[in-house]
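A.B. asks: Sequence:
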Amino acid sequence: MFVQLLIGAAIITVTIALQAVVIGLIESVFYRLKPWLMKPPRITKMVIVLIGVVLVIMVGVSINTWLWAAVFLAVDALETLEEAVYFATVSFTSLGFGDITLGEKWRLLSSLAAANGLIIFGLSTAFLMEFIFELRTAQKEQAEKHYIGMLRKKMIRKQIRKQLKKHLNKDQQD
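Those letters in the sequence shown? Residues 1 to 174, by the UniProt record's numbering.
Bear in mind the hints are in silico, worked out from the structure with no lab data behind them. Fair warning: there could be bad hints in the mix.
Pair by pair, the computed Cβ-Cβ distance ranges are [claimed, not checked]:
no., residue 1, residue 2, range
1, Ala143, Leu95, 36 to 44 Å
2, Thr13, Thr125, 50 to 58 Å
3, Ala20, Glu83, 37 to 45 Å
4, Ile63, Thr101, 43 to 51 Å
5, Ala70, Ser28, 21 to 29 Å
6, Ser94, Leu5, 44 to 52 Å
7, Ile132, Gly96, 27 to 35 Å
8, Lys34, Lys105, 45 to 53 Å
9, Ile100, Ala9, 22 to 30 Å
10, Glu134, Glu79, 54 to 62 Å
Cut-off 25 Å, straight-line C-alpha distance, at most; resulting in silico cross-link-like pairs (BS3-like, lysine-lysine) [claimed, not checked]:
no., residue 1, residue 2
11, Lys162, Lys140
12, Lys34, Lys170
13, Lys140, Lys45
14, Lys166, Lys39
15, Lys145, Lys166
16, Lys34, Lys154
17, Lys158, Lys170
18, Lys154, Lys165
19, Lys153, Lys165
20, Lys154, Lys166
21, Lys34, Lys45
22, Lys39, Lys165
23, Lys153, Lys166
24, Lys145, Lys45
25, Lys145, Lys165
Built from N, CA and C at the ideal position, the CB exists for glycine as well.
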């Protein structure tokens, strides 16, 4: 049991670090793309970027699943790569169909994989929500600045016209 916990703790540490790197990369790209994302058409760009972010997150999740599959193969808990990847995916997503199970010697690893998957999906979902919130907030602020700027220009033009009329009327009276 101690060996399973040790292996599980090690792989959980690696998968969390990997997902943190994935999230960091996404954030880095986001800040580089931010000026482009603030320009119209904002919704279209948000959809494109959101699809990209989800796909990159899923690449991270897939790599994590394959790492678990590699562990199941390395400890001889499963016999084939297909079986290991399938079992890792089912465990990592907490589906637990039960059509493939680990022997008594390694079954604790499956629950650790499920707990790890729950943490990774939770972390990824929290990041995704934060990402969407930050993107939408930045886009709304940019739109407000744009419209306020347009409104100010319109008001300034109105003031200039008013002043011109006032001066023209004054000149005509003189």
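A.B. asks: If any of the earlier hints don't hold here, list their numbers in rising order.
C.D. replies: When the structure is compared with the hints, numbers 2, 3, 4, 6, 10, 11, 12, 14, 15, 16, 22, 25 turn out to be violated.
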